[in-house]
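J.: This is what each chain is made of:
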Amino acid sequence: MTDVKLPFLAQGVEKATITYWHRDVGDSIKEGEDLVELATDKATFNLPSPVSGILKEVKASDGEEVRVGQIIAKIE
Amino acid sequence: MILDLGLIDYEDAYRAQREFVNRRKLGEIEDSIIVAEHKPVFTIGRIGKMENLLVDDRALAEHGIKVLRVDRGGDITFHGPGQLILYPIIDLKKRRRDLHQYLRSLEDVVIRYLQGCSIRAERIYGKTGVWVKGKKIAAIGIAVSGWVTYHGLSVNLNVDLDFFSMINPCGMKDVKVTSLANILNKNVTMDEAKVNILFHFNDIFNLGGSEFAGRRCTPLA
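Respectively, the protein sequence lines represent chains A and B. 1 is the number of the first residue of the first sequence in the working numbering; add one for each residue after it. 1 is the number of the first residue of the second sequence in the working numbering; add one for each residue after it.
Calculated cross-link-like contacts (lysine-lysine; reagent style DSSO-like; alpha-carbon spacing at most 30 Å):
1. K173/B <-> K15/A
2. K5/A <-> K49/B
3. K194/B <-> K39/B
4. K186/B <-> K176/B
5. K93/B <-> K30/A
6. K59/A <-> K30/A
7. K93/B <-> K15/A
8. K5/A <-> K127/B
9. K30/A <-> K25/B
10. K94/B <-> K74/A
No lab work stands behind these hints, which were simulated from the structure alone.
Next comes chain B alone, as it looks inside the complex (with noise of 0.2 Å):
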């Protein structure tokens, strides 16, 4: 099942999360994809330190933007309007139980999306997430409970990158974000990159159904 919720506070699709979760592990639904844009927020993972947070309470009132502590593993992320949001839930005891090759599973499917735009996108050993010139592109964090996926992983498509000026991304000091946007020179749509990207979520996942029925990406060039 997609459950597109569109752009929606970051705690409304976490309970949407659990939910799919706890009927998962029921068998009450199939593995499943809620898809989402988020309005300014900062998530802060377990092992997460505040430090990582460069400005303070003003500032952020001043932009409008919440900090949340959230169970998902790694460290501080942005989420904002013009990032693709997907949060697999997703049965690993019927596939593999491996939590780092479901990581690298998610970075193939932002790779490949990538590709099919015309962008050599590639993963760094130890800094999980998609890369495209040394600049992340794609942030990967993932939870499971009893072996069923939440939490996942967000693409910059046109967000505004001036936002992650405002943290140290994954709690690295030196890390440098980018965007579709950023890199095409031009505007990619929501609508468009949800296709594209579910399509080639599905080849690797291989979820079925025929909502997944997308068309590759286009090259946008």
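Chain A extracted, bound-state conformation (with noise of 0.2 Å):
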């Protein structure tokens, strides 16, 4: 199982919110693939999947705020 965590995005950035979801929960991703858009001020921000595997876990749903560094998807 890999965690996929929310990486730096910019100087001084903590959160950025959650804007949709290329992948639901039991979709197949390829490593390099977007999994998940997020936004924080004027920018989108799509966050590849980091292996090839099952999606099987998301731990936040649109609209909602993360933290960078914070675990948003599990992949196997």
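If you follow the hints, you should be able to join the two separate chains into one complex; please do so.
T.: Set out below in structure tokens:
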């Protein structure tokens, strides 16, 4: 199981809002494909999946704020 | 690479951006920039609210304006003829992985371009974009996929500013907009603006390539 964490996005930015999951739980994803989109100020950030596998769990849904470093999904 | 799409539908330019992003990720192209001008369209970013669109469907149809939900940051904005659009496709992994730093760099491009036109422009903390005497002249909204950028910035050259009265630009009620033509009291051609802004873009982002061998803006005043 691989934890997907929200990486550093910008200096001074500690949180971002989840705006769109590109995959649902149970879907497969390849390494490098966009997994989830987050928004901060005038930027949206598409986080690529760090591994290939099945999306097992998402820790936050659309509209929720997450912190840099926080685990937001698990992929197996 | 510079891809100048000319006057083009928003959706077509979006498709071109996505293709460039994929090719950039695969290493098929270098950092690039897509230049465009759009037919009238309101676009609403991911966090945008419909309530910032102040007119009904009938008014939209009357003016031939489309409304599109898009995957960039920010709220609602207008694009139309007389507005210069830049969509940089840049791999920030090879530069600095900082989304806000990138926003500031885009602001710098416009500020320096306007400086060359003898216009003093500034940024306002917390209000991404470029401002002249409190009025917005350039809007910025970006997206990245795997740290490769798309979407970008729009600069009002001689765009019809009346369109902006149909929205709360960027979701802010008190925002006033302006244009180069409005400030200089004369028209600025799209071609001249392109050459000059690309010069400053290359100065800041250092894309290299002879295509950017533009000239500095000759003061228009």
